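Visitor: Chains as they are written, first to last, in the numbering used here: chain A, 1 to 242; chain B, 1 to 125; chain C, 1 to 82.
One thing to keep in mind: the hints can contain errors.
To be verified - Once the Cα atoms are required to be at most 20 Å apart in a straight line, the calculated SDA-like pairs of lysine to any residue come out as:
1. K24(C) x S118(B)
2. K60(B) x K24(C)
3. K119(B) x T32(B)
As the list claims (entries may be wrong) - Okay, the calculated beta carbon distance ranges per label pair:
4. V61(B) x Q28(C): 33 to 39 Å
5. I16(A) x K34(B): 37 to 43 Å
6. S7(B) x S18(A): 33 to 39 Å
7. T72(B) x L150(A): 39 to 45 Å
To be verified - Calculated Cβ distances over 10 Å to all of chain C for the following chain A residues:
8. S15
9. G27
10. L28
11. T58
12. G71
13. L146
14. A177
15. N185
16. E198
17. M223
To be clear, the hints were calculated from the coordinates, so they are not data collected in a lab. Since the structure is predicted, the reported quantities are computational estimates derived from the model, not experimental observations. Note that the Cβ used here is the ideal one computed from N, Cα and C, for glycine as well.
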Amino acid sequence: MSLKKTLPIKHIVLSILSSALLLSLLGLLMQVKTDLHKSVGDIFLNLNMQTATANAVTSVVTFFRGIDTVGEVTVLFLATSGVALMLSTSQRTYAKIIKQDSFILNVGSRLLLSVIILFGAYIIIHGHLSPGGGFQGGVVIATAFLLLFLANPNMDLNHSILTLGESLSGSAYVLVAIIGLFKVNMLLGNFLPHPVSEIGNLISGGIIPVIYVIVGIKVGSEMAVIVEYFVKEEHEKEIENA
Amino acid sequence: MLDFFNSTQSIHAIIIVGSMALFFIGFYGIATQKNLVKVLVSFDIMESALFLFFIGLHYKVGLVAPIVDDKTKTFTGMVDPVPQAMILTTIVIGLAILALGLSFGIEYYKLTGRNDISKMNELRD
Amino acid sequence: MIGLLILFTFLSIIIVALGAILSKDITQSVMLFMGVGLGSVVLFFIFQAPDVALTEAVIGTGLSTAVFLLGIRHTSQEEVES
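Work out the full structure: start from the sequences and follow the hints.
Guide: Next comes the structure, spelled out in structure tokens:
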């Protein structure tokens, strides 16, 4: 009885078992070859010539792993709804700020807005030829709205247009996927003509630029809504203090 | 001496050690910091370490970016595009999650006037 | 050469991250966190991932910092509250 009490059998067995587990884990780690000759990326790179897109990352995002992108856009939508739920209080009866902003700031921000939106559209449209695409270009467009809000906090965004763009782009993604299912017998199939000789041109790659434009509209409108809620919250707080 | 640093193995060693250090700096921040915003900053530092680890371990000396141009006519000798695509979407998700967490923090501060996570005991009873 | 560049960029990212964690001022912490994103952009470009570098430049240093700075104007700036 006393022997059992003095000898911590449980601890000894546990330490032996855990050290054996650690040793076997180390052995497993030593056997892993760092030089993977045939990974899934190599297979995609070999298949990539058939999609006729110059940028392999774009074709992986929108074509090979297109279903993942649908799920990712869904997560983005849910997070945006969460932000809107948290930050839109029930009584949003804030008055307009009487303080006038400077004329130069106002005009300068409006002048820069078109240039930034043009740059974002350039990044989105050239997503299959050069680095960039729907995610990056959408966020660039959202930063244009951030600039506008910072210059003029009284501005109201047209929510009906944003909601329309967001929901229509979400539906269009699913619609493109289902049309591919009917025409090419494959979900997200490339049903538009995509000859390999056209690689590097602006109109090439079939549905891949179309999907990236859709993703760009969706990401841009969602990020603009997030930015608007964060700016408007502060606006309300300033009114309370004044 | 410089050739030793330029090999793929030593670059991978630098990436593993550096991103692990960055990850545990973020972990230390989450464990010790009291302010809610500092916890979110630490969270994003951990996220950056993860991105660097994933992208860096698929880089080998001599491979080029997975974009074909006039010089490289075929898709050979390029880095793996799959982790780049995954991390690209993860960065965008990270921003949305950051905005969600920050909105929770703002709402908590507006309700209680505090943002000290060691004093969060509203759900105790 | 490229190995030394990666090493120094990693060291500077780690120093900036330590500063962001240990700083007492929240605004300073957020601005130092932007430095982590900038160093990550350089490293992604070295690792032949221009898509990820562009994404991190737009999001990690641009919109993420803006969202942080817009958010912390509601909360208190001090580290420890009385």
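Visitor: Hint by hint, note whether the structure agrees.
Guide: Going down the list of hints, with the structure as the test:
1. This hinted pair checks out: K24(C) and S118(B) have alpha carbons roughly 17 Å apart, not beyond 20 Å.
2. Simply put, K60(B) and K24(C) have alpha-carbon atoms about 40 Å apart, too far for the 20 Å limit, and the pair is violated.
3. Under the criterion of a C-alpha separation no larger than 20 Å, the hint pairing K119(B) with T32(B) is consistent with the structure, at around 14 Å.
4. Our hint of 33 to 39 Å for V61(B) and Q28(C) holds, since their Cβ atoms are close to 38 Å apart.
5. Our hint of 37 to 43 Å for I16(A) and K34(B) holds, since their Cβ atoms are close to 40 Å apart.
6. In this structure the hint that S7(B) and S18(A) lie 33 to 39 Å apart at CB holds, the actual value being about 36 Å.
7. Distance hint check for T72(B) and L150(A): the Cβ-Cβ separation is about 42 Å, which falls inside the suggested range of 39 to 45 Å.
8. Distance check on S15(A): its Cβ is at least 34 Å (rounded) from any Cβ of chain C, clearing the 10 Å threshold; non-interface status holds.
9. The Cβ of G27(A) sits about 30 Å from the closest Cβ of chain C, beyond the 10 Å cut-off, so the non-interface label holds.
10. No Cβ of chain C approaches the Cβ of L28(A) within 10 Å, the least distance being about 27 Å, so the stated non-interface status holds.
11. The Cβ of T58(A) does not lie farther than 10 Å from every Cβ of chain C; its closest approach is about 8 Å, which violates its non-interface assignment.
12. Look at G71(A): its CB is around 18 Å from the nearest CB on chain C, clear of 10 Å, so calling it non-interface holds up.
13. Interface exclusion of L146(A) from chain C breaks down, the closest Cβ pair being 6 Å apart, not more than 10 Å.
14. At roughly 23 Å, the least C-beta separation between A177(A) and chain C is larger than 10 Å, which holds for a residue marked as non-interface.
15. Every CB of chain C is more than 10 Å from the CB of N185(A) (nearest about 30 Å), matching its label as outside the interface.
16. Every CB of chain C is more than 10 Å from the CB of E198(A) (nearest about 22 Å), matching its label as outside the interface.
17. At the 10 Å boundary, the C-beta of M223(A) falls inside the reach of chain C, the nearest C-beta of that chain being 7 Å off.
Figure legend: structure checked against the earlier numbered hints; hints not met, in rising order: 2, 11, 13, 17.
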